Amino acid sequence: MEFFIQILFAAVVMGTPLLYATLGGVISERAGVINLGMEGLMLVGALVAFVVMLNTGSYFYAVAAAAFASGIVSMIHGVVCLMLRASQIASGLALTFFGTGLSGLFGDKLMGETVEPLSRIPIPGLHAIPVLGPVLFNQDALVYFSYICVALSWWMLFKTRLGLNIRSMGEAPEVCDSLGLSVLGYRFFAVIVGGMFIGIGGAYFPLALTPFWVDGITAGRGWIAVALVIFAFWDPVKALGGAYLFGFALALELRLQILGVEMSPYFLKMLPFVLTILVLTLVTIRNNRRGIQVMPAALGTVFFRGEKH
Amino acid sequence: MQLFPAPQRAGNLLKANSISVQIFLEKRVNTSSRGRVLVLASALLLVLLISWFFFLAVGIEPLAAYKIIGEEIFLTKYGWQDLLVKMTPLMFTGLAVALAAQMRLWNIGAEGQFHMGTFAMTWVALHYDGQLPDGMLIVIMFIMAMIGGGLWGSIPGCLKARFGVNEIITSLLLNYVAAAWIDHLLFGAWRDPGSNNFPITKEFSEAAQLPAFGNTSIHAGLILAVIFVVIVAWILWKTQLGFKIRLTGDNPDAARYAGVNIRTLTILVFAASGAIAGLAGFSEVAGIHYRLQQNISIGYGYTGIIVAWLARNHPLGIVLSAFFMSIVFVSAEVLQIEYGLPISMVYLYQGIILFTVLGSDIFTEYRLRFTRFLL
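These protein sequence lines are chains Z and V, in that order.
If you read the first sequence in this note's numbering, its first letter stands for residue 1, the second for the next number, and so on.
If you read the second sequence in this note's numbering, its first letter stands for residue 1, the second for the next number, and so on.
Think of the hints as simulated: they come from the structure by calculation, not from any bench.
There may be inaccurate statements among the hints.
To be verified - Here are the simulated DMTMM-like pairs of lysine to aspartate or glutamate, each with C-alpha atoms no more than 20 angstroms apart in a straight line:
(1) Z:269 with V:338
(2) Z:109 with Z:235
(3) Z:109 with V:183
(4) Z:269 with Z:215
(5) V:77 with V:61
(6) V:77 with V:365
(7) Z:109 with V:338
(8) V:27 with V:365
(9) V:202 with V:129
To be verified - Reference listing, derived: stretches of chain V covered by chain Z, where coverage requires no fewer than 3 residues with Cβ under 8 angstroms from a Cβ of chain Z:
(10) 64-78
(11) 298-310
Since we're looking at a predicted model, the values are computed, not measured.
Beta carbons: idealized from backbone N, C-alpha and C, even for Gly.
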């Protein structure tokens with residue numbers, strides 16, 4: 001039982017950066033903009049958070065700076081694919097290159113530096129609940145913040161006019177345009193807010209998971225998050241479940257080694273990626289069979305006023 | 001065509017004596033290839049300009065840096081040699097990405113296919129060395145690299161063709177799986193006992209090495225790459241298969257009505273693309289390292305995406321763009337040696353190059369127009 005709780009606890013911890021990144025992806029893709037640059041944005045967030053943490057010692061500044069920096073970098077994506085009408089896929093890949101290079105270049109001098117990882121804050125009352133308490137309510141501040149973010153982004157997307165407009169941009173931008181809404185404005189907003197969430201996800205790596213700098217600290221999690229957006233059906237609440245499911249797979253990778261399971265550590269490393277491919281395939285098959293069309297209809301399209309689509 | 005969605009509000013950039021200047025984007029009637037080259041050239045100039053500021057940011061005298069890069073690359077024998085050596089795998093991976101892109105498929109798994117190619121050929125080299133007639137070993141390694149990369153590439157192809165799974169995500173995720181598989185072998189069964197615990201296999205015998213030109217490190221892989229460029233160009237433009245590929249890329253519905261079996265073609269193209277990426281691994285291992293080790297690919301597979309994009313997926317353009325990206329790689333090496341900058345700078349540059357080229361594409365199809373009118 002103790003072990004079971006430990007693994008669930010670790011699942012939430014490992015799932016948190018995925019959750020932030022998936023939330024960011026959901027917001028951006030709901031507005032019709034694919035962001036394949038998640039891996040790069042997470043790396044930028046991780047780098048900036050680590051540097052700011054080293055210099056100020058404040059978690060708040062570190063997270064805020066990570067969000068700000070990722071927001072700025074995702075603006076490049078916005079300019080290139082929204083204003084200059086380039087392919088969103090190619091621009092996203094460029095973002096990945098850019099972020100990987102940036103974190104590699106400036107992270108080179110940070111090797112060996114360490115920061116104090118975020119401490120756990122048990123929530124009074126709630127953390128005493130059996131199983132759920134130690135798993136969900138004995139975590140660090142960024143995990144709690146992620147709960148709030150899920151609730152907020154769900155409320156924003158589905159219960160406010162702003163969210164309705166954002167979702168409409170992903171379904172029928174030409175209709176929005178004829179109603180006098182600024183497609184460029186809303187899409188830009190979604191890309192930047194999404195980028196900020198992804199950056200916070202990246203910040204979680206040096207602030208909580210690995211409190212020292214390693215090259216490529218996010219280890220491909222950004223790409224898992226790209227798949228998670230599809231798995232979560234572009235819904236923040238489902239993103240929560242998906243992120244923890246993959247967090248579980250990642251936690252298992254660590255725990256099985258401790259348990260002494262006779263398995264090459266490299267196979268365990270493959271596990272989350274193979275799982276992602278399997279889950280993605282199953283979700284796609286399911287959607288095809290039921291004829292569900294949850295994907296935003298205008299996802300990945302270029303909108304320009306007065307032009308045929 | 002307006003750059004800003006509400007020109008009445010945003011377009012009044014210049015107001016003098018109530019004359020207003022508006023910036024418009026006007027669609028060009030015909031896009032000339034000269035225009036394309038011009039736009040591409042100015043995009044690359046922009047990259048140089050950005051790197052100017054970048055050099056200043058990391059505290060390097062930009063002019064001196066350009067001078068050193070230019071001298072080291074173009075004025076030394078070693079520089080030219082390195083350019084051609086680095087260009088070889090880039091031609092293969094660029095070609096792999098471009099072939100898939102001709103059918104509007106994104107193969108961003110060239111990195112993984114590269115690794116699985118090296119896996120398959122190394123398996124032959126380690127187990128069948130000395131048991132085959134002269135000259136057969138290298139040929140079988142060549143074929144195995146294609147099979148290894150091809151099978152790995154056909155996974156996203158099959159998933160796409162059979163179930164419609166997004167090939168961008170699957171092909172990329174498989175890169176991580178392939179890298180872990182190579183690590184598993186290098187830290188396990190294939191590690192050379194005499195390597196002082198370094199994760200490397202034992203060196204291949206001469207029968208498993210590609211011949212080099214004279215005393216240089218330029219090897220036969222370069223010729224192979226050129227041959228494959230020609231073959232792919234020939235298939236694409238001179239055969240019915242190539243016509244089907246291009247037709248499906250341009251208009252899948254038309255292709256379907258014309259009786260093209262898109263599913264089979266998807267798998268075939270992805271497998272072929274993977275096979276070519278696998279050959280990049282073959283040429284690196286059999287041409288340069290003569291053994292399997294870590295970091296054989298310094299992002300060649302990913303760079304293939306940019307090589308293909310710069311060449312607009314045209315096989316012959318790939319020779320030029322691979323050469324260009326090779327300059328970027330070697331420049332980064334020079335900067336690493338001269339200024340101690342980490343080699344991961346290559347990725348940063350690739351990002352900047354891709355961004356500027358993508359962003360400039362619009363000017364090949366549109367022209368900026370300044371219209372003046374009295375208010």
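Now the hints, each set against the structure:
Taken as a hint, the residue 269 of chain Z and residue 338 of chain V pair is broken in the structure, with Cα atoms around 36 angstroms apart against an allowance of 20 angstroms. Between residue 109 of chain Z and residue 235 of chain Z the CA atoms are separated by roughly 39 angstroms; this puts the pair beyond 20 angstroms, and the hint is violated. Between residue 109 of chain Z and residue 183 of chain V the CA atoms are separated by roughly 26 angstroms; this puts the pair beyond 20 angstroms, and the hint is violated. Of the supplied pair hints, the one linking residue 269 of chain Z and residue 215 of chain Z holds, its CA atoms being roughly 17 angstroms apart against a limit of 20 angstroms.
A C-alpha spacing of about 25 angstroms is found between residue 77 of chain V and residue 61 of chain V, which places the hinted pair above 20 angstroms, so the restraint is violated. Among the hinted pairs, residue 77 of chain V with residue 365 of chain V is inconsistent with the structure: their alpha-carbon atoms are about 41 angstroms apart, more than 20 angstroms. Pair hint residue 109 of chain Z plus residue 338 of chain V holds up; C-alpha atoms about 17 angstroms apart against a cutoff of 20 angstroms. For the hint pairing residue 27 of chain V with residue 365 of chain V, the CA-to-CA distance comes to about 6 angstroms; that is within 20 angstroms, so the pair holds.
In summary, the hint linking residue 202 of chain V to residue 129 of chain V is supported, as the alpha carbons are separated by about 12 angstroms, within the 20 angstroms threshold. Residues of the stretch 64-78 of chain V with a Cβ under 8 angstroms from some Cβ of chain Z number 0, which does not satisfy the need for three, so the listed coverage is violated. Look at the stretch 298-310 of chain V against chain Z: 4 of its residues bring a Cβ nearer than 8 angstroms to a Cβ of that chain, three or more, so the hint holds.
Going through the hint list in order, the structure does not satisfy hints 1, 2, 3, 5, 6, 10.
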